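Participant: Here are the chains, one letter per residue:
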Amino acid sequence: MTDQHRVDPERLLPPAEPVRLLEPDGTLHEHPDFPLAVEPEQLRDLYRRMVITRRVDREAINLQRQGQLALHASCLGQEGAQIGSALALADEDWVFPSYRELGVAMVRGVDPAGLLHVWRGTWLSGHDPYETNFALMSIPIGTQALHAAGFAMGARFDDNPIVTIAYVGDGATSEGDLHEGCNFAAVFEAPAIFFVQNNQYAISVPLEQQTHAPTLAHKAVGYGMPGYRCDGNDVLATLAVTRRAVERARDGGGPALIEALTYRMEAHTTSDDPSRYRTQEELEEAARTDPIARMRNLLQRRELLDDDLEERIEQEARDASAALRADVYEAPHGDPMELFEHVYADPRGHLEDHTALLRAELDAEAAAGEGES
Amino acid sequence: MTDQHRVDPERLLPPAEPVRLLEPDGTLHEHPDFPLAVEPEQLRDLYRRMVITRRVDREAINLQRQGQLALHASCLGQEGAQIGSALALADEDWVFPSYRELGVAMVRGVDPAGLLHVWRGTWLSGHDPYETNFALMSIPIGTQALHAAGFAMGARFDDNPIVTIAYVGDGATSEGDLHEGCNFAAVFEAPAIFFVQNNQYAISVPLEQQTHAPTLAHKAVGYGMPGYRCDGNDVLATLAVTRRAVERARDGGGPALIEALTYRMEAHTTSDDPSRYRTQEELEEAARTDPIARMRNLLQRRELLDDDLEERIEQEARDASAALRADVYEAPHGDPMELFEHVYADPRGHLEDHTALLRAELDAEAAAGEGES
Amino acid sequence: MAITMAQALNRALHDAMADDDRVLMFGEDVGRLGGVFRVTDGLHATYGEQRCFDTPLAESGIVGTAIGLAMYGYRPVAEMQFDGFSYPAFEQIVSHLAKLRNRSRGAISLPVTIRIPYGGGIGAVEHHSESPETYWVHTAGLKVVSPGNPEDAYGLLREAVASDDPVVFLEPKRRYWMRSEAQLPVEVAPMRQAEVRREGRDVTVLAYGPMVRTALDAADAAEAEGWSLEVVDLRSLSPLDTDTIVASVQRTGRAIVVHEAPRTLGMGAEVAARVQEQAFYHLEAPVLRATGFDTPYPPAKLEGYWLPDVERILDLVERAMGY
Amino acid sequence: MAITMAQALNRALHDAMADDDRVLMFGEDVGRLGGVFRVTDGLHATYGEQRCFDTPLAESGIVGTAIGLAMYGYRPVAEMQFDGFSYPAFEQIVSHLAKLRNRSRGAISLPVTIRIPYGGGIGAVEHHSESPETYWVHTAGLKVVSPGNPEDAYGLLREAVASDDPVVFLEPKRRYWMRSEAQLPVEVAPMRQAEVRREGRDVTVLAYGPMVRTALDAADAAEAEGWSLEVVDLRSLSPLDTDTIVASVQRTGRAIVVHEAPRTLGMGAEVAARVQEQAFYHLEAPVLRATGFDTPYPPAKLEGYWLPDVERILDLVERAMGY
Ligand SMILES: Cc1ncc(C[n+]2csc(CCOP(=O)(O)OP(=O)(O)O)c2C)c(N)n1
Ligand SMILES: Cc1ncc(C[n+]2csc(CCOP(=O)(O)OP(=O)(O)O)c2C)c(N)n1
Ligand SMILES: [Mg+2]
Ligand SMILES: [Mg+2]
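Protein chains in written order, with my numbering: chain G, 374 to 746; chain A, 374 to 746; chain E, 158 to 480; chain X, 158 to 480.
By construction, these hints were calculated from the structure, which means they are not laboratory data. Take these hints with a grain of salt, some might be off.
[To be verified] Think about it this way: if two alpha-carbon atoms lie no more than 20 angstroms apart in a straight line, the pair counts; the simulated SDA-like pairs of lysine to any residue are: (1) X/K458 x A/L730; (2) X/K458 x A/D708; (3) E/K458 x G/E711; (4) X/K458 x X/E468; (5) E/K458 x G/S644.
[Claimed, not checked] Reference listing, derived: stretches of chain A covered by chain X, where coverage requires no fewer than 3 residues with Cβ under 8 angstroms from a Cβ of chain X: (6) 493-507; (7) 575-583; (8) 720-727.
Nothing here was measured: the structure is a model prediction, and the numbers come from that model. Beta carbons are placed, not taken as given, at the ideal position from N, Cα and C, and that holds for glycine.
Produce the complete structure using the sequences and hints provided.
Facilitator: This is the structure:
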């Protein structure tokens with residue numbers, strides 16, 4: 374009878390308190406287990422990225438309101454969790470996002486306008502994942518956890534020291550695929566990080582109806598992997614914790630799960646009406662933990678933020694938003710004939726009659742249009 | 374930001390050692406957390422049931438060898454885990470088995486011949502689940518965990534103090550459905566027990582390729598439910614531990630997961646060739662922890678087992694096997710027209726032409742048969 | 158006062174829950190939020206947390222626990238939030254929900270309704286516009302229905318919830334806002350029957366769910382061309398009311414099946430196979446199919462090119478009339 | 158020395174792994190055990206734990222990680238242990254495996270082969286004898302093939318593994334022990350082509366996988382009755398080689414489709430729909446279907462009544478000839 378003990382189970386239990394380095398008032402302290410040396414320039418950069426992300430996100434909401442996007446899933450309030458974790462990655466690492474990772478995408482160098490193709494409905498994706506190692510958005514909840522696990526298995530088989538990270542929400546932890554993804558990664562000792570942005574809601578369903586686990590980080594115990602927990606609205610804690618998990622994975626230590634505690638300040642998507650399920654008071658309380666305000670407090674305390682820098686960041690944010698706006702407006706409607714182009718690598722035997730049918734319909738339409746004009 | 378703490382997480386960690394009350398040499402000791410008062414008569418009964426189960430199981434293997442059954446999935450070696458857990462249940466409780474629970478079925482009063490219909494291929498099931506509260510075998514791995522969770526939710530909604538128990542294997546813990554079943558049960562505080570018979574293998578795949586969890590009981594942590602661990606070859610420990618979990622659930626304490634450590638002494642099924650993946654030595658070592666031998670040692674130490682009783686039990690086992698044999702031989706081949714009878718409660722609009730076709734084919738066959746004779 | 162299809166569905170659920178306290182409604186966001194389309198609006202408030210509730214985000218979990226609840230004695234109505242998110246529940250639907258009655262020789266009854274908003278035409282993102290009916294119709298043991306108007310939405314849903322068989326109830330989400338003057342509750346034909354929605358002489362157009370309206374529009378437009386179309390609303394996809402279908406085609410001699418789902422092994426294939434078998438000598442032209450293409454569902458801006466519409470139907474009418 | 162289909166499949170995997178070290182083989186019990194049918198025998202020993210390995214017991218996990226591995230650059234061959242156990246992977250197959258190339262506008266290539274032993278006739282218990290091809294064929298983005306003899310088993314599997322498209326490879330398990338004298342490696346026609354296995358004048362019998370042998374037997378038996386059957390082996394179910402099918406039916410004027418899967422929305426529906434459309438004036442009788450019934454797969458002792466066989470085919474030949 375085997376009695377399997379790989380890791381001291383006591384050591385698998387996440388700490389009672391999430392890791393936090395930066396207090397809402399901007400005071401910074403050290404954590405014995407998660408040391409973080411950050412240069413002033415890096416602090417400014419973290420702030421800058423969060424500000425720009427928020428502005429671009431806001432612009433996307435505006436574009437949706439103006440009918441340019443069918444939908445947007447805002448990351449407002451989650452910039453700390455996203456920027457902090459994404460900056461812990463190397464360029465060679467791979468990101469497997471859900472649909473809410475605008476901040477992560479921007480760190481990876483994905484053009485936001487490209488990303489928003491999906492919400493605009495021009496095409497099903499607008500970026501080449503191999504250029505930025507940022508996979509396509511995964512809309513079916515939790516499914517990307519398995520892709521991240523498989524990709525990481527491949528890296529391990531290949532002795533390639535890269536790490537994959539799957540971004541999922543708190544709701545996603547209920548799906549079977551997340552379970553299977555964690556288990557595969559653990560069994561194959563694959564360098565995959567499961568980064569759970571616990572923004573407290575899955576659309577309208579609050580965390581306590583999603584799970585009775587003490588914390589989401591406790592879910593790691595059942596896979597024999599470490600479960601980390603950080604204040605996701607503390608970009609520095611998120612960076613430090615993710616770095617630790619990523620380094621461990623890169624060094625062959627296997628997968629880990631990170632729960633980043635945050636809060637979705639916006640509606641689930643622009644189609645959602647959150648007043649049906651949460652109160653104004655709750656929102657106001659959550660706003661007090663805002664990741665950007667916190668970072669500004671730190672910079673101000675350290676006198677790292679002057680008007681000039683603020684203005685430069687503002688300008689950059691304005692430019693990014695304007696670029697997004699322009700690109701979205703200019704984005705060509707897809708060519709309908711492209712419907713048939715990428716279904717198969719080898720399309721022979723498929724779709725000839727469909728292609729001919731649409732071609733004929735388009736021709737007839739064009740002819741009718743000409744006839745009318 | 375909610376920081377959810379229902380159960381003291383430290384208390385969720387299963388103990389390092391599985392609960393064991395009865396040593397292989399037959400010495401019995403007490404466990405502070407799992408007291409068990411058993412009368413001599415009950416000890417004899419536990420022994421008796423294990424012996425009969427083993428004999429009937431053996432008979433099923435023989436029947437398979439003789440071509441009477443297409444397959445059999447033996448529970449040899451797992452009698453302690455099965456009889457111990459099943460006797461912890463009340464008649465009103467419900468069992469959701471996999472395909473290896475002959476021992477549990479017999480405790481519930483399911484006629485083994487009925488159960489073996491499935492392996493014989495006469496019909497897809499051979500017992501009415503509502504007579505014994507023993508659901509149909511679930512062959513797709515892990516799927517029954519959700520049925521047990523749902524049934525238990527129903528009982529809770531209905532204020533009905535019953536408990537459900539899902540029997541699954543170690544391999545099943547990898548399936549998404551087990552994860553979802555545990556989570557639903559925990560969130561709805563449903564009285565469902567997930568009883569994992571860890572027999573060390575999923576067909577050929579050993580436990581260490583199935584999971585890197587410290588133990589399978591650790592999987593409970595992520596659902597905020599207790600994870601118990603017992604020596605499944607110790608029928609008394611299994612009874613005590615299951616009783617505790619069942620009582621807790623009945624009292625509104627919610628679900629639990631139990632890992633019973635045991636060993637599959639036979640092939641996975643009669644179609645399997647275990648020599649391809651495990652050694653004779655391993656088998657011999659496992660045999661030393663046999664649940665029946667252990668119990669006999671106890672009875673002998675306590676002078677509760679004389680020749681007369683042995684002979685009576687033997688006789689009962691012989692009778693049960695003979696009855697099984699007779700019933701299997703006598704089991705009528707199913708009536709082919711029954712293929713259409715139970716597909717729908719309201720079959721109107723369905724299957725009329727299929728029914729007519731088979732009727733015509735059978736008539737033609739019969740006519741041809743008459744013509745020949 | 159006119160009611161929409163979404164309101165008719167909501168009313169059907171209200172009435173079903175009022176009439177039988179074993180009826181439960183659950184799924185993702187169906188409780189406090191009332192569903193992303195508000196189809197379950199008010200049920201949580203009226204019937205409480207134990208009759209209408211949100212589940213964890215897990216579709217296999219939703220269907221699997223519905224099976225357990227049904228075995229216990231409830232009549233669960235489970236929602237899959239969108240068509241494309243019913244797939245994680247495939248195993249529980251196909252291996253258990255559809256088969257447990259048969260497997261148990263009738264001992265286990267699973268009066269479960271799986272509500273799925275389906276189909277395209279609302280400019281939604283990927284996975285939110287699929288037409289998965291083939292997967293369910295090919296699976297013996299399920300009933301599959303789809304209403305084409307608010308009256309049927311009410312009537313068919315009431316019958317589905319009352320049915321002792323598992324029913325996959327496909328709600329044509331682009332018709333949620335379609336209005337009717339009908340007074341609820343309304344009696345409609347039994348679930349298993351197709352209905353002739355408009356009589357015609359030249360071609361039978363067979364449609365269901367979202368395409369019934371489109372087929373009727375095509376019939377209007379065809380009139381201008383001098384063609385008389387008969388429109389049959391299939392209503393039930395499993396069982397398929399072959400008698401009504403065949404009788405109509407025997408009258409007209411021509412048939413066109415319309416659906417959003419991809420053509421290959423879409424419902425049109427089965428209808429065509431049955432019609433040519435049972436009305437062989439009546440057919441003056443082959444049964445034709447106006448459907449989505451054999452590609453994944455397109456991005457929203459292109460769905461207009463992909464979805465069958467009046468033009469695509471009329472082109473086929475012309476072709477059928479040319480035989 | 159004669160080889161069986163199972164051996165031919167095994168040899169195809171060996172050769173594919175020898176030729177390209179990016180080819181991986183994984184699933185449940187495919188490693189040390191060599192698969193429950195021994196189709197992966199020796200691969201673990203030859204290519205090691207990182208090329209042929211056992212996974213945890215989770216089919217969605219198997220397909221989902223195959224997608225990740227393919228994105229990384231491997232060519233995964235994943236086994237679903239039995240037809241009825243491919244359903245938990247449905248979501249990953251339908252929403253991702255089939256669609257990621259299209260979703261990414263061609264940037265992501267998923268050269269994944271999903272091997273599934275399928276079909277009945279071996280006296281197995283429930284879930285071990287299903288014919289799920291409709292689910293995959295209706296799903297755009299997948300290719301679906303099934304060999305009818307050992308040569309094709311070898312050749313089609315080699316082509317499937319080499320294909321940059323995801324292929325669902327359906328292995329007719331009851332033919333695993335079917336023998337051939339062919340010398341491997343063998344060249345066969347391209348995967349997408351159907352093949353006329355036997356020429357005939359009166360009726361075209363269209364079959365695939367396990368039913369090809371049955372159709373050929375029916376053709377032998379029909380000869381005694383004076384009927385000349387042409388047997389077409391479809392080989393590829395998606396794409397379907399409509400040209401070969403239609404050409405044959407245009408010659409014979411009659412067609413019968415044979416498959417184990419239930420009739421409603423089985424492959425026969427699609428074949429019938431296409432044939433009646435494209436060979437309308439050539440048809441002397443409707444396209445008929447010899448199939449399993451629209452019920453769950455029966456218990457082993459009754460499968461003989463359920464499965465299409467020579468008799469069922471000949472009854473339809475007689476019916477077709479009566480038109
Ligand atoms: C498989 C699946 N089921 C349902 C949905 C519909 N849906 C979209 S987002 C969402 C909630 C997700 O919550 P969470 O995982 O917490 O992520 P968040 O949106 O909060 O970032 C649901 C139910 C889906 N996309 N996929
Ligand atoms: C969903 C599913 N996948 C695969 C199988 C094939 N299969 C039958 S038993 C088995 C191993 C089960 O192992 P475990 O859960 O440990 O139970 P045990 O047989 O050891 O009792 C497998 C893979 C199945 N029945 N269901
Ligand atoms: Mg969330
Ligand atoms: Mg096991």
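Participant: Against each hint, give a clear statement of whether it holds in the structure.
Facilitator: Structure-based check of each hint:
In summary, the hint linking X/K458 to A/L730 is supported, as the alpha carbons are separated by about 19 angstroms, within the 20 angstroms threshold. Between X/K458 and A/D708, the direct Cα distance comes to roughly 10 angstroms. Compliance with the 20 angstroms bound is thereby established for this hinted pair. For a cut-off of 20 angstroms, the pair hint linking E/K458 to G/E711 stands: about 12 angstroms separates their Cα positions. Restraint check for X/K458 and X/E468: satisfied, since their Cα atoms lie roughly 18 angstroms apart, inside the 20 angstroms limit.
Note on E/K458 and G/S644: the hinted pairing holds, with a Cα-Cα distance of about 18 angstroms set against a maximum of 20 angstroms. Beta-carbon proximity to chain X at under 8 angstroms applies to 5 residues in the segment 493-507 of chain A; the threshold of 3 is reached and the given coverage holds. Only when three residues or more bring their CB closer than 8 angstroms to a CB of chain X does the claim for the segment 575-583 of chain A stand; here the count is 6, and the claim holds. Counting residues of the segment 720-727 of chain A whose CB lies closer than 8 angstroms to any CB of chain X gives 3, so the stated coverage by that chain holds, three being the minimum.
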